[in-house]
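From first to last, the protein sequence lines stand for chains E and W. With positions in the first sequence counted from 1, the corresponding number in my numbering is that position plus 144. With positions in the second sequence counted from 1, the corresponding number in my numbering is that position plus 144.
The hints are simulated quantities; they were obtained by calculation from the structure and are not laboratory data. Careful: at least some of the hints might be erroneous.
If several chains are the same, the list does not tell them apart, and a pair holds so long as it fits within one copy or across any two.
[To be verified] Straight-line C-alpha distance at most 20 Å; calculated EDC-like pairs for lysine to aspartate or glutamate: (1) K362 <-> D340; (2) K458 <-> E349; (3) K440 <-> E204; (4) K528 <-> D459; (5) K255 <-> E156; (6) K243 <-> E393; (7) K255 <-> E185; (8) K531 <-> D479; (9) K531 <-> E502; (10) K531 <-> E500; (11) K341 <-> E331; (12) K255 <-> D228; (13) K528 <-> E501; (14) K458 <-> E502; (15) K255 <-> D170; (16) K338 <-> E358; (17) K362 <-> E330; (18) K261 <-> D281; (19) K203 <-> E565; (20) K531 <-> E387; (21) K261 <-> D328.
The model shown is predicted, which means the values in this text are computed figures rather than measured ones.
There are 2 protein chains.
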Amino acid sequence: MTRPTPLSGFPEWLPAQRLAEQQVLDRLRRTFELYGFAPLETRAVEPLDQLLRKGETSKEVYTLRRLQAVDGVDDEVSLGLHFDLTVPFARYVLENAGKLQFPFRRYQIQKVWRGEKPQAGRYREFLQADIDIVDRDTLPPHYEAEIPLVIGDALRSLPIPAVRIMVNNRKLCEGFYRGLGLGDPEEILRIVDKLDKIGPSAVAELIIGAGGTEAQAKACLALAEIRSQDASFADAVRALGVEHPLLDEGIAELAAVVETAREHSPGLVEATLKIARGLDYYTGTVYETELVGYEKYGSICSGGRYDNLASAGKDVFPGVGISIGVSRLLGLLFDSDALAVSRPTPTAVLVALWSEEERAGSNRIAAALRARGIATEVAPVPAKLGKQIRYAERRGIPFVWFPASASAEGGDQVKDIRSGEQVAADSGAWNPPAADMAPTLQ
Amino acid sequence: MTRPTPLSGFPEWLPAQRLAEQQVLDRLRRTFELYGFAPLETRAVEPLDQLLRKGETSKEVYTLRRLQAVDGVDDEVSLGLHFDLTVPFARYVLENAGKLQFPFRRYQIQKVWRGEKPQAGRYREFLQADIDIVDRDTLPPHYEAEIPLVIGDALRSLPIPAVRIMVNNRKLCEGFYRGLGLGDPEEILRIVDKLDKIGPSAVAELIIGAGGTEAQAKACLALAEIRSQDASFADAVRALGVEHPLLDEGIAELAAVVETAREHSPGLVEATLKIARGLDYYTGTVYETELVGYEKYGSICSGGRYDNLASAGKDVFPGVGISIGVSRLLGLLFDSDALAVSRPTPTAVLVALWSEEERAGSNRIAAALRARGIATEVAPVPAKLGKQIRYAERRGIPFVWFPASASAEGGDQVKDIRSGEQVAADSGAWNPPAADMAPTLQ
Chain E
145 MTRPTPLSGF
155 PEWLPAQRLA
165 EQQVLDRLRR
175 TFELYGFAPL
185 ETRAVEPLDQ
195 LLRKGETSKE
205 VYTLRRLQAV
215 DGVDDEVSLG
225 LHFDLTVPFA
235 RYVLENAGKL
245 QFPFRRYQIQ
255 KVWRGEKPQA
265 GRYREFLQAD
275 IDIVDRDTLP
285 PHYEAEIPLV
295 IGDALRSLPI
305 PAVRIMVNNR
315 KLCEGFYRGL
325 GLGDPEEILR
335 IVDKLDKIGP
345 SAVAELIIGA
355 GGTEAQAKAC
365 LALAEIRSQD
375 ASFADAVRAL
385 GVEHPLLDEG
395 IAELAAVVET
405 AREHSPGLVE
415 ATLKIARGLD
425 YYTGTVYETE
435 LVGYEKYGSI
445 CSGGRYDNLA
455 SAGKDVFPGV
465 GISIGVSRLL
475 GLLFDSDALA
485 VSRPTPTAVL
495 VALWSEEERA
505 GSNRIAAALR
515 ARGIATEVAP
525 VPAKLGKQIR
535 YAERRGIPFV
545 WFPASASAEG
555 GDQVKDIRSG
565 EQVAADSGAW
575 NPPAADMAPT
585 LQ
Chain W
145 MTRPTPLSGF
155 PEWLPAQRLA
165 EQQVLDRLRR
175 TFELYGFAPL
185 ETRAVEPLDQ
195 LLRKGETSKE
205 VYTLRRLQAV
215 DGVDDEVSLG
225 LHFDLTVPFA
235 RYVLENAGKL
245 QFPFRRYQIQ
255 KVWRGEKPQA
265 GRYREFLQAD
275 IDIVDRDTLP
285 PHYEAEIPLV
295 IGDALRSLPI
305 PAVRIMVNNR
315 KLCEGFYRGL
325 GLGDPEEILR
335 IVDKLDKIGP
345 SAVAELIIGA
355 GGTEAQAKAC
365 LALAEIRSQD
375 ASFADAVRAL
385 GVEHPLLDEG
395 IAELAAVVET
405 AREHSPGLVE
415 ATLKIARGLD
425 YYTGTVYETE
435 LVGYEKYGSI
445 CSGGRYDNLA
455 SAGKDVFPGV
465 GISIGVSRLL
475 GLLFDSDALA
485 VSRPTPTAVL
495 VALWSEEERA
505 GSNRIAAALR
515 ARGIATEVAP
525 VPAKLGKQIR
535 YAERRGIPFV
545 WFPASASAEG
555 GDQVKDIRSG
565 EQVAADSGAW
575 NPPAADMAPT
585 LQ
């Protein structure tokens, strides 16, 4: 075959990057489990009609076909690859409701696929890490306050720049627009969502074009400007003089989210009233997350509350969730050399090999080290010693072990090839420094 | 929407099963890393022409299409979902050869897709855990002996029935058939591969139908009957009186594999000369693995040496690898209740809630416990105490924490709801027994 080339939009990491990714995932998982989220995976495919229920994303769906079926009749339902983890999770909850305990909290770390135009930070295949809490019939609003705590702890467990979780509430916006006398709040929300892209005067024009007055447009823009890291945003909203029961509800819920987060992690969460989120299914709190210093790349972690996504007949499972764009986040950090591992291999020790006949002896040393949790390889060939040391050096393996040779006196020795220090050692007792046991994120 | 139903061939686990799967994967990963295998993932898709290079599996490939492209012209190369992890890995090695250190050892744990007819233990989407070692130009045969040690350690780290790794060598078979005067050794191999399905007399007939004599067919069957857990298989082969240089090479390589494994893990590996493996690309050692007590379900872990899979022009990267069929293995064990976790949630402690006003206090206790690695949830609503305890019981959460109430005297208390034992406790110091920290495999 000819040498293959990368596929645009389908990123693949090198081993060192994958090691970093795995440690990131381990830490996310650890935090999710500390909050009682159970792991879950769903199949990669969903029936196409389920995927197409959302207008916006449906254009991006990859459909599947069995090659075998091309000439004949295919007996299957039409399938597509999932484009997020929320739609499959909602389907899973409905399908398995009788076997789950509610409220049900799960995390899910999987690839998703979207056939959109590849560009910086936009992939066709990418990894997401989601948490969601769903309940039967009703979902208490305190879960909307818990989600940012989990995400804050998870992201702050990583050696990455600080994050800022920006929070808003759909009820607050809808109540405000209704109290203002605007007839189609969803339309206004979609317009305000464009604020960062097109600027305030263009937003005002669109609101007026949608039937609003100049004063209404101005009020909408004033609302979108409000931000605070405590409940003081409420005073700023009240000062705009608009009243509506839904507005009150939204303000109270948003205040609880911000204040709960402020006690737990000061500076993490900010009420940011311009946040709208494109997706239709959010009905309460919505979240977006900026990585400080990388704001222009957009949100790395988004979500919100959805009341009607998982429902079948009388069964309704309202939920709230958030999704970390892992590939997007790591792509940004790798591109700017802001995240790496201490070495590109798990191996801590290379056991040298004097001759092919002595391989069994080198294997025994490796087995003794592994039995005590020390990642160990045996040299591939009985090359000259310098070559074996260079083998370790090129891979970032910190220690080379010299077995006692039948032909020389003295016992086993181990060399730290960074410092050159060499000491007598027993494979049943020696340990590397804790920092050298495994590659670490840095 | 109507209540969704499962898709045949696309298994999904319940949370307790996924917890078990994750712990299985953690242990496999741990062993792979102890042997110096670096983690890797490849994209789920490959260009269709690459996937179709193998005749047999190509019928099972799922092809992909962007829904958007249906009415217009699609600008992409034709893509399909990978059906194993070896073909993508070979492509990855060729694509990134300049950035890798050889010999290169990696593990890869990912879903693969095959559009074959679903049946017991055969899925359309399933998880594989692969290890491979590739080198540039040549690959020393001792790696063929190392692979079973890794897999033996990995599988024996799990609370599952014993495994038997059955090993053969393609050179041994080909050399034997050639020494016997048979002209098309690949054809004979394909026939012998059917031995367990169709029996010896049908195999003999097929060999005769392929141009062999009765004596040759008898010799092939005699070879296929040989098995031993040490190098004594060699004597049994020699006793058949066939000679060929390739036969000698194969015997020596197989003897090294069996003897290396015998020193490391007596009883793990058996030279089993009927093992052929269907795939064309194997050129040396081949492996299949039986789960003792589940032999009729076939191999749960297979692989072999391939010399020509990864090659482009003058660059050749021979390799050896093996693949654990994780979904297949777990499906068998789940179906026979042979593998489970101690509880279906990560949560060790439920913090009770006296009133919604006191939620912040319960949150602080939860945060203190989590800070010390104890997975903790706060009760969803301030229900009656009995109801909060039943909430924990239904989920298998072993401990319920009672915060000191503003309205009652005394400090915090924690109750083991299995024994009923309740003690005074400080959220900054109390620890559950180690066995209750996390769900464990059993």
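Okay, the hints, checked on the actual structure:
1. For a Cα distance limit of 20 Å, the shortest separation of K362 from D340 inside one copy, 16 Å, qualifies, whereas the shortest one across copies, 80 Å, does not.
2. In this assembly of identical chains, the alpha carbons of K458 and E349 never lie at most 20 Å apart, being 42 Å within a copy and 64 Å across copies at closest.
3. Neither within a single protomer nor between protomers do K440 and E204 lie at most 20 Å apart by alpha-carbon distance, with minima of 24 Å and 43 Å respectively.
4. In the homo-oligomer, the alpha carbons of K528 and D459 never lie at most 20 Å apart, since the shortest distance is 71 Å inside one protomer and 25 Å across protomers.
5. For a Cα distance limit of 20 Å, the shortest separation of K255 from E156 qualifies both inside one copy, at 12 Å, and across copies, at 16 Å.
6. Taking the shortest alpha-carbon separations for K243 and E393, neither the intra-copy value of 33 Å nor the inter-copy value of 56 Å comes in at or below 20 Å.
7. Taking the shortest Cα distances, K255 and E185 sit within 20 Å of each other both inside one copy (10 Å) and across copies (11 Å).
8. When the C-alpha separation of K531 and D479 is checked against a cutoff of 20 Å, the pair qualifies neither within a copy, at 33 Å, nor between copies, at 51 Å.
9. In the homo-oligomer, the alpha carbons of K531 and E502 lie at most 20 Å apart inside one protomer (18 Å), although the nearest pairing across protomers, at 66 Å, exceeds that limit.
10. In this homomeric assembly, K531 and E500 come within 20 Å of each other (Cα to Cα) only inside a single copy, at 15 Å, whereas the closest approach across copies is 68 Å.
11. Only within a single protomer do K341 and E331 lie at most 20 Å apart by alpha-carbon distance; the minimum there is 17 Å, versus 65 Å between protomers.
12. For a Cα distance limit of 20 Å, the shortest separation of K255 from D228 qualifies both inside one copy, at 8 Å, and across copies, at 17 Å.
13. Taking the shortest Cα distances, K528 and E501 sit within 20 Å of each other inside one copy (15 Å), while across copies they are farther apart (72 Å).
14. For the homomeric pair K458 and E502, neither the shortest alpha-carbon distance inside one copy (72 Å) nor that between copies (33 Å) is at most 20 Å.
15. Within a single copy, K255 and D170 get their C-alpha atoms as close as 16 Å, and across copies as close as 19 Å, so both meet the 20 Å cut-off.
16. Taking the shortest alpha-carbon separations for K338 and E358, only the intra-copy value of 18 Å comes in at or below 20 Å, while the best inter-copy value is 81 Å.
17. Proximity of K362 to E330 under the C-alpha cut-off of 20 Å is restricted to the intra-copy arrangement: shortest distance 17 Å within a copy versus 79 Å between copies.
18. Taking the shortest alpha-carbon separations for K261 and D281, neither the intra-copy value of 39 Å nor the inter-copy value of 39 Å comes in at or below 20 Å.
19. Taking the shortest Cα distances, K203 and E565 never come within 20 Å of each other, neither inside one copy (61 Å) nor across copies (58 Å).
20. In this homomeric assembly, K531 and E387 never come within 20 Å of each other (Cα to Cα): the closest approach is 78 Å inside a single copy and 39 Å across copies.
21. Taking CA atoms no more than 20 Å apart as the test, K261 paired with D328 passes in neither setting, with 31 Å inside one copy and 50 Å between copies.
Of the hints listed earlier, those the structure fails to meet are numbers 2, 3, 4, 6, 8, 14, 18, 19, 20, 21, in rising order.
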